[in-house]
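Join the two chains into one complex using the hints; note that each chain is given alone, in its own frame.
Heads up: the protein sequence lines correspond to chains A and B, in order. Each residue of the first sequence is one higher than the one before, starting from 1 at the first, in this note's numbering. Each residue of the second sequence is one higher than the one before, starting from 1 at the first, in this note's numbering.
Please keep in mind that the hints were generated in silico from the structure rather than gathered at the bench. Predicted model, so just to flag it, every value in this text is computed and none were measured. Think of the CB as a built atom: it goes at the ideal place given N, C-alpha and C, for glycine as much as any other residue. The reader is advised that the hints may include incorrect statements.
Heads up, simulated DSS-like pairs for lysine-lysine below, C-alpha to C-alpha not over 30 Å straight-line [stated by the list, open to error]: (1) A/LYS8 <-> B/LYS146; (2) B/LYS113 <-> A/LYS8; (3) B/LYS162 <-> A/LYS106; (4) A/LYS288 <-> B/LYS141; (5) A/LYS139 <-> A/LYS264; (6) B/LYS162 <-> A/LYS36; (7) B/LYS67 <-> A/LYS264.
Derived, one-sided and incomplete: chain B residues facing chain A with beta-carbon distance under 10 Å [stated by the list, open to error]: (8) ASP58; (9) LEU70; (10) PRO105; (11) MET107; (12) PRO132; (13) GLN158; (14) THR159; (15) ALA169.
Example chain A residues on the side facing chain B (calculated, C-beta under 8 Å, incomplete) [unchecked claim]: (16) PHE18; (17) ILE19; (18) LEU22; (19) ARG177; (20) GLY275; (21) LEU277; (22) ALA279; (23) GLN291.
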Amino acid sequence: MSYQVDEKGFYGEFGGAFIPELLYPNIEELQENYLKIEKSEEFQTEFHQLLKDYVGRPTPLFLAKRLSAKYGGEIWLKREDLCHTGAHKINNTVGQIILAQKLGKKRIIAETGAGQHGVATATVCALKGLKCIVYMGEKDIERQAPNVARMKMLGAEVRPAMSGSKTLKDATNEAMRDWINNPEDTHYIIGSVVGPHPYPDMVARYQSIISKEIKEQMQGLPDYVIACVGGGSNAMGAFYHFLDDPSVKLIGVEAAGLGIDTDKTAATLTLGTPGVLHASRSIMMQDKDGQVIEPHSISAGLDYPGIGPAHAWLKVSDRAQYMAVTDADALKAAVECSRLEGIIPALETAHAFSVLKDLDLKPTDRVVINLSGRGDKDMDTYMRELKLNEL
Amino acid sequence: MQNNLTQLFSSKPKNLLNIFFTAGYPKLEDTTVILKALEEAKVDLVEIGIPFSDPLADGPTIQESSKIALENGMSIEKLFTQLESYREENPEADTPILLMGYLNPVMQFGLDKFCARCASVGVDGLIVPDLPMFIYEHEFKATFEKHNISNVFLVTPQTSEKRIREIDANSTGFIYAVSSASTTGSKADFSAAADYLGKLRDMDLKTPVLTGFNIKNNQNFKDACSFVDGAIIGSEFIRQIAETTDLKQTVASFVKEIKK
Ligand SMILES: Cc1ncc(COP(=O)(O)O)c(C=O)c1O
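Isolated chain B, as found in the complex (with noise of 0.2 Å):
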């Protein structure tokens, strides 16, 4: 199976960079303009996050854009109408996008539905944080599958080589692995996930990894990048983006400054 997700890592690309960004924050209708500059400033992959009122694995930076985008009027269906009127006016955009969201708005809408959805809209792949990996394999595998969307797990320190290993067997986007057993957004030092990551990278597995959760600034990301395929920046984005009143130019220069 191909969608741009996998076309990009068909060339084991280096160095990639993917930013996430909550749908619908800080404006109901900002969702396409990020988009837009994620696009322009040519960044390698982009997640949307689906806004929940119970966002358990993440920190205090993005529970407060989820709460400001459920307010705003953030739904899954509007995210999607958002989408369809984006592939539209930008016919040639190819940057891979994914969805991550809570496993009940998922199920709420419906799986086959919003996958199809996904689909129809160019979503590559989805990252739904609280489902399991045995769950998916019997509930929701042939689902993904059918309408060629790619899924993401995470590993964390703590995830035995075991697990690793079966988790990479089951991927078909990239693994997600978190810099620190953390929260998205906690300040842990970068430093102590230099052995893991050195561990990762030495697996040799077959999916790219890519690591989140306290990456911030040029020098964080070169240290990941060092160790393995590329970095995502989710927190300290949107923390840019809530204080900026021309988001296109803060787009720009925040990623200009990352990749420098």
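So here's chain A without its partners, still in its complex pose (with noise of 0.2 Å):
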């Protein structure tokens, strides 16, 4: 069984290029281009380069022994939340952004929800000197304040997304409106592996270095990967090379907002169903007239209505599982991780934590936890949801 994208770009039934045909010139050209760009020297030196020297790779692969002791097996944490700007989004707009170079591109767009691919794109496009907007849903902006004005610092330009839920979503509708306005000089970065062929393929490569790593740093094969999912770029990257190793245990987590029973969450694959959202095939949330469900999840990052089209096939192909779990929950695994190994996680991070209670752990078990990113954005929710101020 292949997990990798066919020639065509789809995973088994999902994936694809659904897009309009204003979009086709920009598609192709990014189909054309992305792996022989990807494979030139140039490129690999580039990107190696940036990533040791600029986002401070390889990140550690840290052996976290109080929620060992508390869950039984042991626990690794590898850091993504240690890469520059916070968490693993730069890898992606690091590759994408000497790809946008080297296609000629002056002006570089992108959506965000938690802000930390924001931040992660308005940074290399100042180390770059390209000019950079981002799209944002307007209750992001609210809820994750600081990114917000971490892009404005960086000279990026932060657009609010007005429509629907006004959350990635929505921002990502703009992005898209937007390219197609501006065909010809843009290039849309897109923060995790969904949107059209090439992008779920080009953005798992460029994260992939995630578990290029934990290979190399671990002796022998975890028994367990688990990584939270939005869109799916962080579990993707921690999954890539293990793929092909059946024995270790891929579990992604999504968010279940207040529950997989209220009409409050986020769990796309618990609850979705095939379609199209955001040019590609996969699993979504939708109701039966095929209109897109608005999802809903304390975490800005988990707070979308589609998903990767790889996972949807990792899904239905049974090579990972995927767990939904609370805000409530995750609000709980976040305060744990945090003084249990004096780390705070992104809320999005906080919900992979939480599924350890369900694992039921041998001794013997080597789990791998994907780190995403840090809590610092997230300050002003943990703040009001753990009454930390009447602490």
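Below, the structure written as structure tokens:
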């Protein structure tokens, strides 16, 4: 069984490029060039140099002893929170900014939910001196204020997306519309393994450095790799080099919001059905008429009604397992990680920690959790939800 | 195959006016009121938008109309019901009707069922902006043909000549030439499109070409028709009907003004 994209851009029945004709030249240009550029020595040299000296890779693989003692296995944390800008998102933006330069693009657009991808995009644009416009849902602008300020400090323009649920889905719509209106000089840096082919594969490749390092850092294979999934990029990066090692159990953790039996949830793979959203066929949350259901999660980065097509395929072909964690459980897990390991995780990442209690680990089990980002951006939410100022 | 659309084009007419509006907007039951007014005003084609929650290729005006239409309770099933009663009440109506809708709602409805219902209520053609040509050829074409539904593809100033020829070969309705690479309703200057429309005219395509996306007035319409077979007006029409208290009158005078 292949878990990689085929030459037409599909993972089994999922994927493809369901783009309006208006974007055809842009997507065709990317499809024809992304592998060629990625494989060139020039790209490889610059990419790895920047990952090392600018992003701070390799990120450590840390043995979390107190969490291990609590849950019974050996729990290792892949420290993507230590990347420059505070999350894994920058692995992808470093790759895409080099690509955009090689394609001669002058203007960069991006969508962002939690703001981590927006910050990572604004960062590489500053590094390269390119104009940067980030679309962000109005609701997310409110709940991720520190990241909005960071983007502005870095010289990016933040444009609010005011339609629909005013979150990541709507920011993505606006970014795609911008691209339609500016097809010639603009590159769209999508922040996850979503969107039309070749984005899911391209972003997965840039993020695959995560599992490449894990493999090198661990003696032998882990038993579990666990990551949160919004669009699915940190999970795909962490799974990538283990896809063909069937003994490694891969677990993606989505946001259940208030619960999968409520209508305030973002548990796409648990509740969704096949459909086309943001130009690829995947699994999505929709009503019987095919209208997209507005999701809910406490975490802006997981508050998305779709999921990358590769994850839909991993689920359907039973290669990975997907679990859903509620807002309340994610908050509990965030506190636990903070107090047992001295690491405040991003709210997105906290979802991944919450499944430890459900795994029933053996003492010999070796678990890797992808610690996708740090929690600084979420301190407002943590303060409010955990009533920290009353402590 | 013949339907009202291919029938219309068989005499190679010029100066065709195609009006786009969103089903179920401004009010749920306005669909057929507008349709009838357009028929009476003798527009050449009518394009009805099926509202979608995430209309990627549309600008603010059509987005807003889609949102309101959905809030009004519009759905594909509802639209077919409205068109059924329209046909019953207006058996003589023969203006070609196209539906424009995003892929996902159509797929959830079921492609074969969708095309069958289109045929039974007298819809002649479909525009699915996020249906790529290669998927159309492999997964959709046979079903469209079985139900005698024409398909319409878009071309833009960025579309290569080779691809325009492929699109021409695959089209059975008309080609929808976007006058500047843009979401619907953008404010680009029409004159910028002249080179491109001239190029399309000179390519001598088998399929008629209509241009759209930022035609607003009689002058734009004439300019467009000096190059290609006709033009499509959407956002401007929607803006006009949004504000009116007399739909029939507004539709009639809008069409008259454009075609004068
Ligand atoms: C720290 C962190 N983790 C995870 C995500 C979710 O994205 P993905 O599923 O693409 O990794 C985000 C998105 O903003 C994030 O900031």
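Verification of the supplied hints:
1. Restraint check for A/LYS8 and B/LYS146: the C-alpha separation of about 26 Å stays at or below 30 Å, so the hint holds.
2. With a C-alpha separation of about 27 Å, the suggested pair B/LYS113 and A/LYS8 falls inside the 30 Å cut-off, and the hint holds.
3. At roughly 27 Å between alpha-carbon atoms, B/LYS162 and A/LYS106 fall within 30 Å of each other, so this suggested pair holds.
4. Only pairs whose Cα atoms come within 30 Å are accepted, and A/LYS288 paired with B/LYS141 is accepted, the gap being roughly 25 Å.
5. Of the pairs offered as hints, the one joining A/LYS139 and A/LYS264 holds, with about 15 Å between alpha carbons and a cut-off of 30 Å not exceeded.
6. Distance restraint check for B/LYS162 and A/LYS36: the Cα-Cα separation of roughly 23 Å lies within the 30 Å cut-off, and the hinted pair is therefore satisfied.
7. In summary, the hint linking B/LYS67 to A/LYS264 is supported, as the alpha carbons are separated by about 20 Å, within the 30 Å threshold.
8. Among the interface hints, the one on B/ASP58 holds; its C-beta lies about 8 Å from the nearest C-beta in chain A, closer than the 10 Å criterion.
9. For B/LEU70, the interface hint holds, the least distance from its beta-carbon to any beta-carbon of chain A being 6 Å, beneath 10 Å.
10. For B/PRO105, the suggested interface contact is upheld, since its CB lies about 4 Å from the closest CB of chain A, less than 10 Å.
11. For the restraint placing B/MET107 at the interface with chain A, the shortest Cβ-Cβ distance is roughly 7 Å, inside the 10 Å limit, so the hint holds.
12. For the restraint placing B/PRO132 at the interface with chain A, the shortest Cβ-Cβ distance is roughly 6 Å, inside the 10 Å limit, so the hint holds.
13. Here the hint on B/GLN158 is kept, as its CB sits about 4 Å from the closest CB of chain A, short of 10 Å.
14. Using the Cβ-Cβ criterion of 10 Å, the hint placing B/THR159 at the interface with chain A is satisfied: the shortest such distance is roughly 7 Å.
15. With its C-beta approaching chain A no nearer than about 15 Å, B/ALA169 sits outside the 10 Å limit, and its interface hint is violated.
16. At its closest, the beta carbon of A/PHE18 sits 5 Å from a beta carbon of chain B; the interface hint therefore holds under the 8 Å criterion.
17. Checking A/ILE19 against chain B: minimum C-beta separation of about 6 Å stays under 8 Å; hint holds.
18. Given hint, A/LEU22 at the interface with chain B, holds; its Cβ is 5 Å from that chain's nearest Cβ, closer than 8 Å.
19. Evaluation of the A/ARG177 hint against chain B yields a held restraint, the C-beta minimum of about 5 Å falling below 8 Å.
20. Checking A/GLY275 against chain B by beta carbon gives a least distance of about 5 Å; that is within 8 Å, so the hint holds.
21. Nearest Cβ of chain B to the Cβ of A/LEU277: about 7 Å, under the 8 Å cut. The hint holds.
22. For A/ALA279, the interface hint holds, the least distance from its beta-carbon to any beta-carbon of chain B being 7 Å, beneath 8 Å.
23. Taking 8 Å as the C-beta contact cut-off toward chain B, the hint placing A/GLN291 at the interface holds, the least distance being around 4 Å.
Hint compliance for this structure: hint 15 alone is broken.
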